Structures are given as structure tokens and as C-alpha cells.
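2 protein chains.
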Amino acid sequence: MRTQPEEFHVFDTTLRDGAQQEGLRLSVPDKLAIAGMLDEFGVDYIEGGWPGANPNDTAFFQAMAEGEVPLKNSTLVAFGFTRRVGGKAADDPLTAALRDSRAPVACIVAKSHDRHVEQALRTTLDENLAMITDTVRHLKAEGQRVFVDCEHFFDGYRENPAYALEVVRTASEAGAEVVVLCDTNGGMLPQWMGDVVTAAAGTGAQLGVHCHNDTGCAVANTLAAVDAGVMHVQGTFNGYGERTGNADLVTIVANLELKYGWQLLPAGSLSEATRLSHAIAEVTNVPPSNRQPYVGLSSFAHKAGLHASAIKVDPNLYQHIDPALVGNDMRMLVSDMAGRANIQIKGSELGFDLSDRDVAAKITEQVKDAEAAGYTYEAADASFELLLRRELGQLPEFFSVLSWRVFTQSTHDQETDTECTLRITAKGESHRVVGEGNGPVNALDHAVRQALLPAYPVVERFELIDYRVRILDQGHGTDATVRVLIQTSNGRRAWTTVGVGQNVIEASWEALYEAYLYGLIHTDEDASPAT
Amino acid sequence: MRTQPEEFHVFDTTLRDGAQQEGLRLSVPDKLAIAGMLDEFGVDYIEGGWPGANPNDTAFFQAMAEGEVPLKNSTLVAFGFTRRVGGKAADDPLTAALRDSRAPVACIVAKSHDRHVEQALRTTLDENLAMITDTVRHLKAEGQRVFVDCEHFFDGYRENPAYALEVVRTASEAGAEVVVLCDTNGGMLPQWMGDVVTAAAGTGAQLGVHCHNDTGCAVANTLAAVDAGVMHVQGTFNGYGERTGNADLVTIVANLELKYGWQLLPAGSLSEATRLSHAIAEVTNVPPSNRQPYVGLSSFAHKAGLHASAIKVDPNLYQHIDPALVGNDMRMLVSDMAGRANIQIKGSELGFDLSDRDVAAKITEQVKDAEAAGYTYEAADASFELLLRRELGQLPEFFSVLSWRVFTQSTHDQETDTECTLRITAKGESHRVVGEGNGPVNALDHAVRQALLPAYPVVERFELIDYRVRILDQGHGTDATVRVLIQTSNGRRAWTTVGVGQNVIEASWEALYEAYLYGLIHTDEDASPAT
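As you go down the protein sequences, you meet chains A and B in turn.
This note's numbering numbers the first residue of the first sequence as 1 and each following residue consecutively.
This note's numbering numbers the first residue of the second sequence as 1001 and each following residue consecutively.
One chain only, chain A, in its complex shape (with noise of 0.2 Å):
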């Protein structure tokens, strides 16, 4: 096995080839949201799209320019084409796309296979050549530091070793500063990948490479790559992607650091992959695998039974790594869901003394039931400390609901109208408002807002920064458990609830109650300065 080189590149391309996945669609707050985490687990670059080719991109890149999302270990790039056909990369709009999006550097897709040239690009091998030459050197001058992807490389390396070294050769003379081989199509395996990556170095480039699942070794492939001797890496988080999806760079990345006993993350990063997949599986509402290695939900889950006693006198004679390296826990099955040290450290991360064991055992019994019911913690913690403050009997009462009612109704104009009443007491005061709304959760939104207006002013900041619905048990169509989660901010900082029901107006006001709940017991704490 490789030692790890002196220069080594963790690419991850979720916001833009990730995003190709059937079914997953990235808004630009999406992307903020997930170009933060990728920073925070310590990816090297985030491709964060095509700038000018798609308007969503165009603004993402601008919303990070600005700083919307500072960068702490990342660094961005841009995804782009060569230049057109016969024309000049100076003239090239989609070129000066790539400029504009002030990202460090610009990722560049280069066609290697000479079949791809001719019949789906319709030009010549050496015009193919001209356009990798004059883009990557254009974007050079213009100040970018530049990446080569070359597409369909392995099968055009079958078909045309010659032209598909002559492309990487070409890129790196231009100035490209690594030049990926990809295996656009999938169909790659792992014991052919070592003579092809050999050759490709024989031009003296430093190379790269990108995988994708099709033969189900898009991980393998990687790591056959790594082997020969590639420095830069490209997958997505939670292998995302189109078709059979991309290489799942958090496989990839555990497996150089707990197999190769690399260092390739910020120390204690990798600690975080288990949150960090789960989140971004939020943001793209892709229901997480529950066997994915490393983080699935149950990847380190036993059976219990036959191995019970031999997992308590060595739990490392039943699982290949210690899965707090990864950030997940081995799970007993049929037994805890979350273990009572577990929600001891949860308990006083959030301020709370759960050292009384029986306390501990109590909630930890509590976050059991609630987690099979389809509660989640691990994205609700506001919701989680609601209810160790009901366990602790430091729960607050600022107001109590007696009734809601929601109605919606469409008529033969086609317009729906939805309204709600609500009976609310606050302050020993009794309000009964009507809210109206474009939905019933936002009508239910507003008539809460509007009852508590007089007691407690401090709602007028509270907004309501994020929706989100998830069937749990798939399969019963309309009859399906539904889980709601809420994010709510009060200007300075956001907080996270969730409700849990058949219905999703009873699990979104379950969602919506505790988010007033929680920003009012934090009103103070937040009226002064921020730390």
C-alpha cells in the first residue's frame, strides 16, 4: 500500500455532478447550506457547479463570493467546458463565466475519447487539442488555477491509447495543474485501472481521477488509482450522482485514513462523517442508506443473539473499525437505539447534569420510544432539550393552547383559500385569532405569531427559515407516518424542531409549537451580544 504523498487532493463534486442524481434538485440555499458542511468535514476543493450555464450555479457562486459562506479549509472551483468549436477562449462567454465566478479555480471538462470528439463533438482530434490548449491557458492568464477533467478517458483509452494520453499530455503542458481521468461511463474494474493510471503518468502530468459506480467498484477504482500513484481524488458525499451515482468520497476518505493510515482531514473531521453525511442527506432529502459503509444507520448494527457475550468481551472481534472513528455507534438490535452515555454527553453539551443514573436511564428509554415512533434527534436539538427540561422539570410554561382548527377549501375558480383559528393562553391572558395563509401550516404560523404578539413582542423576530416533510414508512402511501422538522431563527441564531404524526398538519404543529417553545425560553440569552 502507497504511503501517503506530499500532495494530495480530496475533490468532492456533490453540488455539481452529484446533483446529475435522478430525483435531487439543489437550490442556491442548498448549496450554501452543504458547501459549508463540506468545509467543515475538510474537503481540499468544492466544486460548487457550472457558473453561466445554469442560473442557479451562476448564483451560488456569487452568493460565495460575497462571503455568504466563509471558507475555513476549503477551496472553491468552478465546473466549465473547453471552448467552443472553432472559436477563441477569449471570446467565449461560457469561458468568462468561469472567470466571473471569482472561485480560485476553474475544473474543465476535456473530451479524450476520439469517438466522443468526432461524433459528439463533431470536430477533429486536433482541433479537440487547440480547444484544451487555448481554455486552459486563457483561464491561466485571466488568473484561475486550473483542473483538467478528461471525460470518457478510460474508454477512450481502450479504443485510442494514443489520442486519450495525447489529451493529458496536451492539458498539462497547457499549464493544467492536475488532470483527472474519469470514468464517465462506470464501467471501469479495478485490476485494469493500475497499467491505464501507469501510462497516463508516463506524460508527466500529475493526475487525478473520477469514478462512478456502474460495476459497483467505483470505491475500488479509486483506491486502484490512488495505488498508481493519482494525487487528487473526485467523488461525491453519500456517492450522490447520476445513474448508479458517483464514488462516495466519505468511503473513500475513511478508508485512505483508517486502512492506509493517511491524514487527509483536519484532525477530528473524520469524527464527524457519520452528522455530516445524515445533514447533508437533509438538505438533499435523499433518504440516507442505511448500509452505507461507515455511516449507515446500520453499519455498525448487530444482531444480537449468537455474538451478544462476545461483543461485550471484545466488541473489536465484531466490527473492523471502532466506529466512534467515523462517528457512529455499534447498535445492538432490538436493544438502544441511543446509549445512555450517549445522551449523558448530549445532556451536557447542552448545559444539563444528567451524571444521576436513573435520570439518564429514564430519558435515554424516553429518546428510545420517541426514535421508533420516527423522532429524530440528531437534526432537532431544540426539540431534544424540550424534553430533557420536561424530564427535569425545568420546563417553562409561556403559553398553553386550548384548540386550532385549520380549513382549506378550493372552489370553482380554481383559488384555494386556507384559514385557521386558533385559542391560545398567555400571561393568564385568553386570545382567539384567525390567521389566513398560502398553506395551513403557514396560516397556523401566523395566527400563533399574532396570539402571542401582546405577551411576548420578542416573536415578531422569529422566522421560520426551513420546512421539511419525510414519510417514514414508505409503502403506505397517504396512510404513511410523517416527520416534520422545523428550523426557526430568531436573527441571530436558528433552532431545529420536529413532530411526528399521521397527519402532516398535526406533526407540523407539533414542529411549530416547540419552535416557539424553545426561542422563547432562549429570549434572553439572545437579546444580548452574540459570543
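What the hints contain is simulated information worked out from the structure, not anything from laboratory work.
All figures in this text were calculated on a predicted structure; none of them were measured in a lab.
Mixed in with the good hints there might be a few duds.
Unchecked claim - Derived DMTMM-like pairs: lysine to aspartate or glutamate, alpha-carbon spacing no greater than 20 Å straight-line:
1) B/Lys1088 with B/Glu1040
2) B/Lys1259 with B/Asp1322
3) B/Lys1312 with A/Asp114
4) A/Lys259 with B/Asp1195
5) B/Lys1259 with A/Asp195
6) A/Lys259 with B/Asp1322
7) B/Lys1259 with A/Glu159
Please build the complex by placing chain B on the supplied structure of chain A, with the hints as guidance.
Relative to chain A, chain B alone:
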């Protein structure tokens, strides 16, 4: 790459190790149904379970012995352990259960990791060897063929290679036809495989391999072992299994047949892979992964509009194999990156002639506008077809909706109650119905079904099998636009519709309305026998 050896086993353990997956429970009828499908696929061996240890498994073997599912291609295998410490195989009830299963082959697990012998089995290294010899000899004397699984072999080899190899030699010399090297904890990487397998082959045993996916390399590890000389591969359909799952046998076989050029299954079987993978998922009730190599719904789906025109020229430029080889299909996804070429291809897939450029351009504009508003057609083929029909004047009117109202309330007793009223005209008759449900959409679904039933009894068969809500523009809280996807089945096929709006009920209603409309349009074809 290795050429196909004379003898090679495809060994399926879906019914035994696959059933260890979290949440997966197989009844005896489930196991019988899956055994029939595995035999149809044509695997060489079907490991059916652990007779004697598990009443379900004992019953399964009994049913198989009674010919309930006659096997045409496969041989049945019963799983078991070496005899008890300090006992005799001839007196061991679990060893007797193997014989009583009447399976032609017994596959027994032996410990091959010294620490497991000492700490989990609590016996000496020598006694473990004696247990292997005694059990294998006894089973053979009773007339069964015997395979031996060496549990934790790779971890054992790392710590005590001499002992791990001694276990292999002992099993082989006692008469095991195949000695299977098991990566029980799943921590292996492909580049470590060759040396270990070569060392084990030095014992003279015929070798097999059994991998788990904890490093994301189960398939690649299996192939690396094949390259190093094993003549037997174990895996499960769809990669079911404990933790991250076992090696996916479908992917392994497809790689060996299509990439290595081997012939492992009966001729024509591989093209049943997609159908059988999904059929087995129906039995296990585990939602199939759209990204599963070869057989996933998305595995040959293309989103990029840029490539659409080139794909028209030569689809093989953009796929690593012809999807028909595994019974899958190329699909063009309609998306905001889609151009006219994409829409035309998609239209003709659905049987609509969009060769008229003006019509195609107009529809493309509509799709773009709708996608900008939040609709997505890549997941909602049925709504896309309705859009086409509307534009082409081919949309029949089965019913029209005059008005609907939904009413949800929660009063002091915390009970939430939902009801709706709906006015529909169908076949000239007007119906006013009231529906109730555990939520607003569920209530609307009940009401529309009730209103349409007199005119269209077929709606009785419609079932909402999935309901998903996605918030589109994060950052606007409950003001946000929501997208609802509804999947409906009539028991023969499923279709997906989409609705968008600021009001979750309105968006759900739109998707629900289209679900019923599409189902009614396609009633006739679904009533005729499947072809």
C-alpha cells in the same frame, strides 16, 4: 484477467446471511418464493438457512425436501456450525439437523481466527481443528457434500497466518469440497486479497470467498479473490446482509459475464436480472436502491440535456453496457437541463410523435416553465404524459372537480380530526361526498375514490404506495413552495405524479388528481394480459 476455470460456483446466501439484514424478516412462503427466483436466475447453490437452530428454516428445508419448489438449476445448501466443543459430531443435534434437512450440501462455519477460538468459542486451537475434522467427516459419511466457511479468515490471517492456514488445510483434508475464506467483519480491501488467497491456495484446498461491504469494496474484493484463483463466490441478491450488506451477487455475476466474458448462468438468464432483483425486493419488502449497479431504476438514466443529441447518434457512447443485457433500459430524464432532443426522445418512449419541431419546441418551453416553477418530470413520468396529452389535444376528460374542502381540528382533548368534502362530476352524474382520514391528503384520497367508484369501479384497485413532500425554496419557512410526488399502483404497475404549490394540500391534491386521471387513461391496457 483470468479465464473461466472449468468448475466455478455461484453461491447465493440471500436466504441465510442476507436475512441478517436489519429489518428484513422472511417467512417460510417468502423463502420458498425467493428460492424459486434464485433457481430461475440459475445460481449454482442456494443456501437456505440454518436447520435445527431456527424453526422457520427447518420448515423451509422440509418444504423443499417435499418438492414444493422443484429446483431446475440450483442445488440446495443447509448452513450449520462445527460440532460443539468437547462433543462428537455423531451426537450433536445440530449436526443431525443438517442431515435431516435433506439438502445435498452442508455448509458449515469454522472459526479460523485464533482469538475468536479462544474468546468466543472458549476452547483450544487444537480442539477447534478437531471439531472441523470430526464434523466434515461425519457429514460426508452420512452422505452430504460439505463446504466449510472459515469465519473471520482475513482478520485471523493478519494476526496468526499459520493458524488460519491450518484451518483451511484441516477442512480440506477432512474432505470439504470448497473452503470459503470469509471477510466476516468486512474490513478488507482488494489490494490485500491476492496475497492472502495465494497463501491459502498453497494448502491445496479448493477455495471460495465471502465478502461484506464495510469498506464499500465487497464486489471488488470478490473479483480480486477470483483473479487470485477462487472457484466459488458467495453473495446475496441486492447485497442484502448484516451491517453494510454482503457482496451483491447480481453485480458480481454481471461483471463476470459482461466484463470477464464468462458464462455462469443458463443462457438468457442474465437478462432477467432486473426483473428478478425487483421481484425479490417485493418479497423482502426492502425498497430497491435506484442506484444499484446494473439493475437499479436509475442505473441507465441520463439527465444531462447536453448529451441528449449525442445519445441519439449512438447510445453506446454513454453507457458501459447495453442495458438490455441485464433486462434494464436506458431512460432519458426530463429535467431543467433538458433540451428539445431530450423531450422528443422521452415523448417517443411514451408513444407520442413529437417529430414536429414546433410542437416539440412548445412542449419544451412548457416543461422548462413548469420545472422553473418547481415541477419535476424525471420522477413523474405520468404527469409528463398528461402534459403531453394536454398539449397534443389527447387528454380525455374522465371527471371534473367542482370543489373540495378540507377541515382539520384539534381541541382540548388533543384528538386531531380531519374531514373533507368533494364535488365531482363523472359520466354526467354529479357526486358530493364526504371523506375522513388520518390526515388531509388521506381524507381527500378516500373522498375521490368514493366519488369515482360508481362511474369507474376500477379505482377500487388504485393504491397510493408512496407520498413524498419536498420544500423547494428553503429560507421561506412555511411560505415556501412545496412539491409533492405521489406514486400510485393498480396492482400491475405503478406511476408517479407531481403537484406543486405553496399550499401542501393544494399541491397534494394536484398530484392526487393526476394520479387518478392517469390511472383511468391506462385502465384498458392494464386489464389485458401482460405481455
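The hints, checked one at a time:
no. : hint                     : in the structure
1   : B/Lys1088 with B/Glu1040 : violated (39 Å)
2   : B/Lys1259 with B/Asp1322 : holds (12 Å)
3   : B/Lys1312 with A/Asp114  : holds (18 Å)
4   : A/Lys259 with B/Asp1195  : holds (17 Å)
5   : B/Lys1259 with A/Asp195  : holds (17 Å)
6   : A/Lys259 with B/Asp1322  : violated (36 Å)
7   : B/Lys1259 with A/Glu159  : holds (16 Å)
Violation of the numbered hints given earlier is confined to hints 1, 6; the remaining hints are satisfied by the structure.
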